[in-house]
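Enquirer: Given these sequences and hints, build the entire structure.
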Amino acid sequence: MDTFVQQLINGLTIGSIYALIALGYTMVYGILRLINFAHGDVFMVGAYTGYMLAIHLGFESSPSIIGFAVVLFGSMIISAVIGMLIERFAYRPVRKYSRMTTLITAIGMSLFLEYTFVVIFSGTPRAFPQLLPNDNYTLFGNATINTSQLLIFVVSILLMLGLQYIIFKTKVGKAMRAVSFNLNSAKLMGVNTDFVIAFTFGLGSALAAAGGVLVAQYNPKIEPLMGLLIGLKAFVAAVLGGIGNIPGAVLGGLLIGAAETLVVGYGQYIGIPSTYRDAVAFAILILVLLIRPAGLLGSNVQEKV
Amino acid sequence: MLTLENVSVNYGAIEALTDISLQVNQGEVVTLIGANGAGKTTTLRTITGLLEPRKGRVTYEGTDISGMATHKLLPMGISMSPEGRGVFANLTVRENLDMGAYIRKDKKNIADDMERGFTLFPRLKEREKQKAGTLSGGEQQMLAMARAMMSRPRLLLLDEPSLGLAPLLVHTIFEAIDNIRAEGTTILLVEQNANAALHHSDRAYVLETGRIVMKGDSRQLAADPRVKEAYLGE
Ligand SMILES: Nc1ncnc2c1ncn2[C@@H]1O[C@H](COP(=O)(O)OP(=O)(O)OP(=O)(O)O)[C@@H](O)[C@H]1O
Ligand SMILES: [Mg+2]
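Those sequence lines, one after another, are chains A and B.
Per numbering that gives the first Met the number 0, residue 0 is the first one in the first sequence, and the count goes up by one each step.
Per numbering that gives the first Met the number 0, residue 0 is the first one in the second sequence, and the count goes up by one each step.
No wet-lab data here; the hints were simulated from the structure.
Even glycine gets a Cβ: it sits at the ideal position worked out from N, Cα and C.
One thing to keep in mind: the hints can contain errors.
The calculated label-pair distances, taken between Cβ atoms and stated as ranges, are [what the hints assert, rightly or not]:
#1 B:Ile13 - A:Lys220: 21 to 29 Å
#2 A:Val93 - B:Ser7: 48 to 56 Å
#3 B:Ala68 - A:Ser298: 26 to 34 Å
#4 B:Lys104 - A:Tyr114: 45 to 53 Å
#5 B:Lys104 - A:Thr143: 47 to 55 Å
Simulated pairs of lysine-lysine, DSS-like, Cα-Cα distance not exceeding 25 Å [claimed, not checked]:
#6 A:Lys170 - B:Lys128
#7 A:Lys170 - B:Lys214
#8 A:Lys170 - B:Lys130
#9 B:Lys104 - A:Lys170
#10 B:Lys124 - A:Lys170
#11 A:Lys168 - B:Lys214
#12 B:Lys107 - A:Lys168
#13 B:Lys54 - B:Lys214
#14 B:Lys124 - A:Lys168
#15 A:Lys95 - B:Lys54
#16 B:Lys54 - A:Lys168
#17 B:Lys71 - A:Lys95
#18 A:Lys168 - B:Lys128
Expert: If you want it as structure tokens, here you go:
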């Protein structure tokens with residue numbers, strides 16, 4: 000039982016990260032019907048930005064909550080700007096062309112980010128500094144949770160609540176929902192849709208960057224290709240939840256995180272070796288596409304009138 | 000107030016509008032009638048910048064607005080209720096109306112205008128918190144009109160507001176058009192219901208396969224034998 004609880008904690012930890020990244024995929028898809036394949040790399044950019052901030056502002060030597068907060072928010076803001084620049088200079092010019100064109104642009108953008116970072120930082124992993132003292136807390140029985148896991152939970156929940164607030168309670172959030180339903184109608188309401196689209200990229204990038212910093216705290220090894228696999232899994236999470244659906248992205252992320260660690264913990268009993276961990280997400284993707292392509296919370300009926 | 004001069008519009012190689020010229024004066028209700036595919040929606044989409052004219056000019060109060068970014072027109076006073084209503088199905092009725100007032104900041108007046116919309120269409124008040132996608136076609140049409148009024152436009156463009164509605168609702172919609180006009184809003188009304196449109200407008204243009212083939216006083220056009228035969232089914 001203890002190991003089950005432990006597995007669940009570990010699974011939900013990584014699941015929260017998938018959820019944070021999946022939100023960016025799903026929001027951009029909801030608005031542009033674009034799968035932003037460079038989104039996983041923005042997660043990596045967030046981790047490196049956090050790394051640079053930590054080193055240059057001197058937070059690596061003296062762990063403190065303030066240092067962590069500055070690194071987290073600094074990375075979120077800088078990555079949001081980078082996400083908006085990507086939208087402005089890579090996606091906007093090709094928006095009027097076919098979906099295939101934009102998809103290829105996204106793949107190109109992904110490679111561009113990855114190898115730009117290889118050039119700047121080399122492909123060798125770097126150690127992300129410890130920004131907070133890492134303590135272990137014992138829960139019931141022998142299950143433990145450490146500070147960086149706790150941070151992942153707390154920060155992700157706060158960010159998701161913040162996102163919920165922006166989308167449902169603010170003017171720009173209302174405009175985002177309107178644009179996602181009908182771009183031209185939104186324009187007719189006087190909405191500057193280019194701004195709303197850029198804002199959406201900024202928001203998604205900030206969440207991915209937060210994920211990058213949080214993961215780097217948990218597993219302090221960063222490298223330019225770190226966004227590849229995690230980005231793909233987060234994409235699967237978005238599809239599992241129903242791409243375009245915000246609660247779906249959160250649910251999908253948590254489910255995939257839990258499924259992965261359960262396979263690691265118990266797969267051996269039903270003949271699935273724990274080395275299959277990274278295959279779990281893709282097996283789920285195939286199942287979803289076969290059984291329920293619209294995803295768990297996605298609507299099968301097209302709601303456009 | 001609004002002038003189209005020799006406007007031609009293409010969809011790719013297909014010419015949808017050929018040399019259209021029309022004018023809407025302050026305070027008027029002008030209607031544009033024509034069969035399916037005549038180019039009525041194309042005309043409105045060109046005025047609102049959703050399409051760019053290949054040739055010709057659209058001017059509004061002396062400013063050339065041909066191909067201007069759509070979202071810049073509402074602040075100038077041009078509002079449109081699009082064909083097929085275009086309400087945001089994923090937003091509530093109230094949120095749709097909020098979107099209509101998106102560019103305004105005067106909260107107090109917005110609230111008053113929303114009440115006015117509810118007075119015009121009491122049905123919307125009852126459905127205030129419901130998602131617009133769950134409304135009936137007629138209710139969505141009322142919402143689209145009320146939403147278009149939330150910006151306090153000086154020029155209102157309506158694309159087939161009575162499409163697919165029961166006679167009683169058609170009556171409600173045209174009554175609302177009369178009310179909106181009485182409050183001083185200029186209207187360009189696109190309709191297939193030529194009979195009602197001609198009776199609720201001052202002047203009319205008849206569009207046939209992308210060209211204006213007749214224009215004039217609405218009463219006179221309603222009495223014209225060609226119009227009677229082709230559009231009034233007499
Ligand atoms: N997006 C498009 N691409 C290509 N052709 C189009 C497009 N939209 C409209 N057309 C064509 O342009 C012509 C005019 O269409 P438009 O929608 O303006 O007609 P309409 O008068 O509004 O008709 P209705 O009364 O059926 O709404 C039609 O022949 C139509 O097929
Ligand atoms: Mg039409």
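Enquirer: None of the hints should be skipped; say for each whether it holds.
Expert: Status of the hints after comparison with the structure:
no., hint, result
1, B:Ile13 - A:Lys220: 21 to 29 Å, "violated (58 Å)"
2, A:Val93 - B:Ser7: 48 to 56 Å, "violated (28 Å)"
3, B:Ala68 - A:Ser298: 26 to 34 Å, "holds (32 Å)"
4, B:Lys104 - A:Tyr114: 45 to 53 Å, "holds (46 Å)"
5, B:Lys104 - A:Thr143: 47 to 55 Å, "holds (53 Å)"
6, A:Lys170 - B:Lys128, "holds (17 Å)"
7, A:Lys170 - B:Lys214, "violated (43 Å)"
8, A:Lys170 - B:Lys130, "holds (17 Å)"
9, B:Lys104 - A:Lys170, "holds (11 Å)"
10, B:Lys124 - A:Lys170, "holds (22 Å)"
11, A:Lys168 - B:Lys214, "violated (48 Å)"
12, B:Lys107 - A:Lys168, "holds (18 Å)"
13, B:Lys54 - B:Lys214, "holds (21 Å)"
14, B:Lys124 - A:Lys168, "holds (21 Å)"
15, A:Lys95 - B:Lys54, "holds (22 Å)"
16, B:Lys54 - A:Lys168, "violated (44 Å)"
17, B:Lys71 - A:Lys95, "holds (20 Å)"
18, A:Lys168 - B:Lys128, "holds (15 Å)"
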